[in-house]
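**Q** Listed here are the chains, written in short residue letters.
2 protein chains.
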Amino acid sequence: MASNAMTSSTVEGPPGTADVAETAGAVDVEGRLRMVGRDIRRAMLAAVPDAEPHDWLYRLVRAYPSRPGKALRPALCLATCRAFGGRDDDAQGAAVAIEMLHNAFLVHDDIADGSERRRGRPTLPAEHGPGLALNAGDALAVLAHQVLRRHALHLAKNLGDRLLDEFDTMALRTLEGQATELGWRRDTVAHLVPEDYLELIMRKTCWYTTIHPLRVGALLGSGGRADLRPMVRFGFHLGAAFQIQDDLLNLVGDEALYGKEINGDLREGKRTLVLIHLIGAAEGSDRRTVDHYLRLEPYERGPEVIAEIRALFDVYGSIEFARAYAEGIAGSAQEAFEAAFADAADGDDKDFVRALIPYMLGRPR
Amino acid sequence: MASNAMTSSTVEGPPGTADVAETAGAVDVEGRLRMVGRDIRRAMLAAVPDAEPHDWLYRLVRAYPSRPGKALRPALCLATCRAFGGRDDDAQGAAVAIEMLHNAFLVHDDIADGSERRRGRPTLPAEHGPGLALNAGDALAVLAHQVLRRHALHLAKNLGDRLLDEFDTMALRTLEGQATELGWRRDTVAHLVPEDYLELIMRKTCWYTTIHPLRVGALLGSGGRADLRPMVRFGFHLGAAFQIQDDLLNLVGDEALYGKEINGDLREGKRTLVLIHLIGAAEGSDRRTVDHYLRLEPYERGPEVIAEIRALFDVYGSIEFARAYAEGIAGSAQEAFEAAFADAADGDDKDFVRALIPYMLGRPR
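Residue numbers (the working numbering), protein chains in the order written: chain A, 1 to 365; chain B, 1001 to 1365.
Treat the hints with care, since some could be wrong.
Lysine to any residue pairs mimicking SDA-like chemistry, simulated, CA-CA at most 25 Å apart [stated by the list, open to error]: (1) A:K157 - A:R186; (2) B:K1157 - A:L153; (3) B:K1157 - A:Y293; (4) B:K1157 - A:R287; (5) B:K1157 - A:D168; (6) A:K270 - A:G317; (7) A:K157 - B:Q1092; (8) B:K1157 - A:K270; (9) A:K70 - A:P364; (10) A:K270 - B:R1059; (11) B:K1157 - A:P364.
No lab work stands behind these hints: they were computed from the structure.
Same shape as in the complex, but just chain A (with noise of 0.2 Å):
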């Protein structure tokens, strides 16, 4: 992590964020993600069953659970719980089935996005084909469904009632977001500020990501005590300040700890905050390349075309943009964590969650 040029911007951010880096500095995070992502990964792949047919559905349907990842939002939804006064027990199946949605997602994804690389091997897609690709991430929501009802069963009716439709809601802001992405790309959609960018993340990343482990890590450490209100806004934020990051990656990454195709967003056409900062600013015949770039598709967009509009990145400080802007949004979710966090104890989980502020620009993958 020390050798990624965006840590020390952190580190030497605005003032802010000073009192956000010191913190970090004093957490382990990696430390805990590797732990909560050995133990969450038992989990998924103890819950896809051992049958038939084998080589056709379950052995696709593990093979992203068992590529370790990052595991944040587990972890977020642990310590979460546990700062509102829970224990592990309380939320674990809920962070599993969180965690393996998410999985189900990636392979939606690489399906609709024709990605090659997923966490350093190749997609089910580009493995399998899409059908039996498609048809491996449909088992694994439905089996992150049956962990998520097997928890519920333990809890009272009222609280595992919350917890089922806190799921489906989440779940369904994660498909407005991606149908918003897939849409702006397949209508050529241009015209977008960056506050266009804000309201699909916040559908497509923040609410599984963030929102969705913080609104149940609360519910059920508190035991549905807890105002859940306040962690929509500080989700958003945390959540906002890991999108961009993970565009950031996609560009600048070391392919190896990043584990996907660097380029990859700019092949697709995806509409990251980079790329929208760079339709507002080009001129002239820049803009005319900006243009054209836009309406290709995929397998037109070549090594030069890319290069082209990575030199028009630096032209115009696109990047460095995006670097400042997700400066900018953890500033706003220090402050959102601190009123989300009022109630919650002191202690490891609390720090852990503070100190994933700055992690979220500082994270090398």
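Fit chain B to the supplied structure of chain A, relying on the hints for placement.
**A** Relative to the frame of chain A, chain B by itself:
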């Protein structure tokens, strides 16, 4: 219906099915399906949010549910519920949920199969591309769950938990069947006998078309007291008759009524009972013709190839074999029905379910 050759072949069928056909004559199956279809369609559309993104998500989500389908699954569920002592309200949410999940499966199947027509109109992937269609299918599955969960809210916890558990189990069985069918095609599996086909459709078709509607109808109608186990055997035979007829309609149906491309299965290389019979029966150069056909990709199966296989079906009597096989299964279904519905009240609802057995073989779509 009277114009369909298979109706008369059922009426004039072997002695075992004669009284079934008579009962069917007294029950207006089509009329009841139309009525239930209207209600369920209205309820499905009401369950779809009137929200953004409209053009990229919710318009697509509404597409298949607004095209009149057979409504077989909800009608079976509701009639079973009433026959076991319940009212329509006791199973309405479950009936709507199963039809919505059916629509979700149709969208994903159309992507996997590259199908062009569905219910007489272009498929979602043909109209909007695979990415947006995949996403809309996912949303249909989430909305189905939401409808089911809201129905379960009004039930005792134990009954609601059982209902949701039945739903997830059913979804998983279906995905297992879909995986096997796609796997057979991808790996050019040819050593198949009718028993393999039955095992396949048990999962892919019967579980969600007949077994689940029957089990859930009996569960909710009886308030959890009915023995659901005999429903598996009855549902299996009923669903198998349904699926074989579906395979036949794909070959000999009226495209306007059937709503899909005639010979679509042949183009896809789908292992229907008809094809499996031919694989087992063809000899000499015919066998080589079949093997060659099996190895082709769908896009390579032009009109001549299709016509050649169609001609071999006639030479070897494969279509007649499948028809006779379906009639045999319908006979078993009748016996299994009497066992499964022994404790159900006599009357219109029980008669309707009984009448579905010959209807499966006579239906024109």
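**Q** So, against the hints stated earlier in the document, which numbers end up violated here?
**A** 1, 3, 4, 8, 11
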